[in-house]
Amino acid sequence: EPEVTQTPSHQVTQMGQEVILRCVPISNHLYFYWYRQILGQKVEFLVSFYNNEISEKSEIFDDQFSVERPDGSNFTLKIRSTKLEDSAMYFCASSPGGGSNEKLFFGSGTQLSVL
Amino acid sequence: AQSVSQHNHHVILSEAASLELGCNYSYGGTVNLFWYVQYPGQHLQLLLKYFSGDPLVKGIKGFEAEFIKSKFSFNLRKPSVQWSDTAEYFCAFRGSWGKLQFGAGTQVVVTP
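In the order they appear, the protein sequences are chains A and B. Using this note's numbering, the first residue of the first sequence is number 18, and each one after it goes up by one. Using this note's numbering, the first residue of the second sequence is number -15, and each one after it goes up by one.
Bear in mind the hints are in silico, worked out from the structure with no lab data behind them. Certain hints may be false.
Derived DSSO-like pairs (lysine-lysine); straight-line CA-CA distance at most 27 angstroms [claimed, not checked]:
| id | chain 1 | residue 1 | chain 2 | residue 2 |
| --- | --- | --- | --- | --- |
| 1 | B | K55 | A | K120 |
| 2 | A | K74 | B | K33 |
| 3 | A | K59 | B | K45 |
| 4 | B | K62 | B | K42 |
| 5 | B | K42 | A | K59 |
| 6 | B | K33 | B | K62 |
Since the structure is predicted, the reported quantities are computational estimates derived from the model, not experimental observations.
Pulled out of the complex, with its shape left as it was, chain B reads as follows (with noise of 0.2 angstroms):
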């Protein structure tokens, strides 16, 4: 079966912390991985995604993410955290074709 899950559900860190979060998930095939980032009080956002190529990806606000594939993980990292990245994270993914699944997410609350 096809699923995605997330390590953490709450993570609290200082201003200037590095962040990582956990994500596997379990599909046989080829997939494509995205971050989506939920602030408080709005919409899903795209962080990054990754479909092939370079296994490190790049995304916006200084986050990155690395797709290994023999560990099944997507984990999303930020060197240096800053109060705005106070959210929820949803990793996502999609096999070769249908639905994109969401991770239950992770609530990060960045304390100055």
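The following block holds chain A by itself, in its conformation from the complex (with noise of 0.2 angstroms):
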């Protein structure tokens, strides 16, 4: 089966440091999703993105973060100004549309912890 890859698995950075998280969705999906966990907490939406732009974001997308699909296969999640609270393993996913009834295809994760 097709996957979704995710680089780096782990990340460690320091408070006010900018991370680019990078995912590469699956070749033929459309849509693009980012999802946090943070340490014993629920899997919570961040971002979804289609045709280039962002199609619906949650309160914790604030202006620190940003999203971009650079090319015809990655797609980066920046985080400008990492603050504590942003540790957490942030997973990209996909779907070829965009329906309700969509099954999203997760990577594996990027661990990105803030010192």
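These two chains come separately, so use the hints to put the complex back together.
See the structure below:
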């Protein structure tokens, strides 16, 4: 089965630094997502992306966050100035369509640790 | 407000025991319901989904779930678990439009 791939698997950064989390969605998928899971908490939606623009974002996704699809394959999440509370597992996902019954395919996640 | 809740945070059971994980959602319209599983060190994988038709849905690895509209529930079941079923299980739903929302997850530990 095709997979969503995420790099790096672990990222350690200092508070205030910028980080970019990278994702390669499945090639024929059109909808892309970022979710995160803080240790011990539920998986939270951050943002969805379609047709080169954000289609929905949560209240977590403030001005410190941005997403980009710089080429035909990568989908990145940038955190401009990291805070301690940004430490979490970040999951990228993609789906072929945007319908509510669509299956999301998730990557393995990037564990971000902000020190 | 839309939400989804899972009844148990941790479940420990022996191999061959039956498993049932509760999930309830809060939403007034048509819903699409999912169960995802996350094995240790691996990514989230879809176990099964419901969006219409037969409310009893069969998924991979012997799992099934039943959608009971009157109870706003979508409980996951497996008649006989194996050690390899040790994982975290997430109920999730989407309304007619919008984001996939997850429950808090249930950590299931199956002992030999």
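Worksheet item: Can the restraint linking A:K74 and B:K33 be considered satisfied, given a maximum Cα separation of 27 angstroms?
Response: holds, 24 angstroms
Discussion item. Can you confirm whether the C-alpha distance between B:K62 and B:K42 stays at or below 27 angstroms?
Written reply: With Cα atoms ~10 angstroms apart, B:K62 and B:K42 stay inside 27 angstroms; holds.
Discussion item. Need the status of pair A:K59, B:K45: alpha-carbon distance at most 27 angstroms?
Written reply: holds, 24 angstroms
Worksheet item: Quick one, are B:K33 and B:K62 close enough, alpha carbons at most 27 angstroms?
Response: Answer holds: B:K33 to B:K62 is near 15 angstroms, not above 27 angstroms.
Discussion item. Check whether the Cα positions of B:K42 and A:K59 lie no farther apart than 27 angstroms.
Written reply: Judged against 27 angstroms, a Cα distance of about 25 angstroms means the pair holds.
Discussion item. Against the 27 angstroms threshold, does the CA-CA distance of B:K55 and A:K120 hold or violate the hint?
Written reply: holds, 24 angstroms
Figure legend: structure checked against the earlier numbered hints; every hint is met.
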